[in-house]
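**Q** Put together the whole structure using the sequences plus the hints.
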Amino acid sequence: MKWLADLNQLSTFQVPHCMKPEDFGEIKTAQLHHFSDASELGYGTASYIRMTNDKDEIHTALVMGKARVTPLKQVTIPRLELAAATLSVRIDRMLKTELQIQMEDSVFWTDSQSVLKYINNETKRFQTFVANRISVIRDLSSPSQWRYVSSKQNPVDDASRDMNVEVFLSSRRWLKGPDYLLEPEKWPTTPKEVNYLSSSDAEVRKELSINSVSVDERKPMTRFIEHFSKWNSLKRAVAWMLKLKETVRQLSKMRHKISKQTDLVKEHMDAFKQTLGPQRLSVEDLEEAERDVICYVQEQHFKQ
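Quick note on the working numbering: the sequence shown kicks off at 1 and runs consecutively.
Quick caveat, the hints were computed from the structure, so don't treat them as lab data. One or more hints might be untrue.
Label pairs and their calculated CB-CB ranges [unchecked claim]: (1) SER233 with ASN120: 55 to 63 Å; (2) THR76 with LYS219: 47 to 55 Å; (3) ARG161 with GLU98: 27 to 35 Å; (4) ASN132 with GLU284: 24 to 32 Å; (5) ASN132 with LYS219: 33 to 41 Å; (6) LEU41 with LEU169: 18 to 26 Å; (7) ARG90 with THR52: 23 to 31 Å; (8) ARG68 with ARG291: 22 to 30 Å; (9) ASN132 with LEU251: 57 to 65 Å; (10) ARG280 with GLN300: 27 to 35 Å; (11) LEU169 with LYS55: 26 to 34 Å; (12) ASN164 with ASP105: 34 to 42 Å.
In this text, a Cβ means the ideal position worked out from N, Cα and C, and glycines have one as well.
**A** This is the structure in structure tokens:
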């Protein structure tokens, strides 16, 4: 295996212990720049500190790098790019806690326009995987901190893809970052396209449109609640409604039983009505009405 044979050559690789050169002087400004990238092989991030001194000299140094192998379960490249971006903001929070240096707002770089579109989106809803990671990114950073970098200038391209050891050792960008960081903000511009996210994007949750006609069909209980302003009056009205409902139910049941004997229907109905006698509300009737009102209100509000 070639990578195993190349390990011996890495013995010459050195990382400076101090991020600031001894002769650099007092730090005037300091800023973290986080780069992220992904491929079908892996994804990762690299974080650099960019410092300026009193002479406006600029120095950059690698603070932390992290690379991960892609999961065995197949994941799309945009999702891996988003996972790398999420890793960047989490590392940023950790470094700002650990580094005892006053920092300006961090800058996050990605070569994925899809990620930038997701971060800048304000209107569309995403699938769960994307939505969860965008939530983390938006909590720990703002869209204005995110910028576009080409793959050729992205140092994390070295971590997300296989690379020859000789090429890695001869390159300085993994330890220092891209050359443009040494310039006074002559940085790559972000394409305008990142402000537009198509509804056909696979990660955009499809919106369901339903056309309906609104008809005011208030239930009897709703009418009672809106009509009566006193609790006792409401209970009594509901109790009478329930008693009437039960009476009608019994009449209907009896009529159904003797529906084939039409000559007996009227006779039985009249006899049943006579057994009803004067109607009064009992304590049990009022308690049942109270339970019905409470259950109805709970059903209407808790389901929302």
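**Q** Indicate, hint by hint, whether the structure satisfies it.
**A** Hints, verified against the model:
no.: 1; hint: SER233 with ASN120: 55 to 63 Å; verdict: 57 Å, holds
no.: 2; hint: THR76 with LYS219: 47 to 55 Å; verdict: 48 Å, holds
no.: 3; hint: ARG161 with GLU98: 27 to 35 Å; verdict: 29 Å, holds
no.: 4; hint: ASN132 with GLU284: 24 to 32 Å; verdict: 52 Å, violated
no.: 5; hint: ASN132 with LYS219: 33 to 41 Å; verdict: 40 Å, holds
no.: 6; hint: LEU41 with LEU169: 18 to 26 Å; verdict: 20 Å, holds
no.: 7; hint: ARG90 with THR52: 23 to 31 Å; verdict: 26 Å, holds
no.: 8; hint: ARG68 with ARG291: 22 to 30 Å; verdict: 58 Å, violated
no.: 9; hint: ASN132 with LEU251: 57 to 65 Å; verdict: 58 Å, holds
no.: 10; hint: ARG280 with GLN300: 27 to 35 Å; verdict: 30 Å, holds
no.: 11; hint: LEU169 with LYS55: 26 to 34 Å; verdict: 31 Å, holds
no.: 12; hint: ASN164 with ASP105: 34 to 42 Å; verdict: 36 Å, holds
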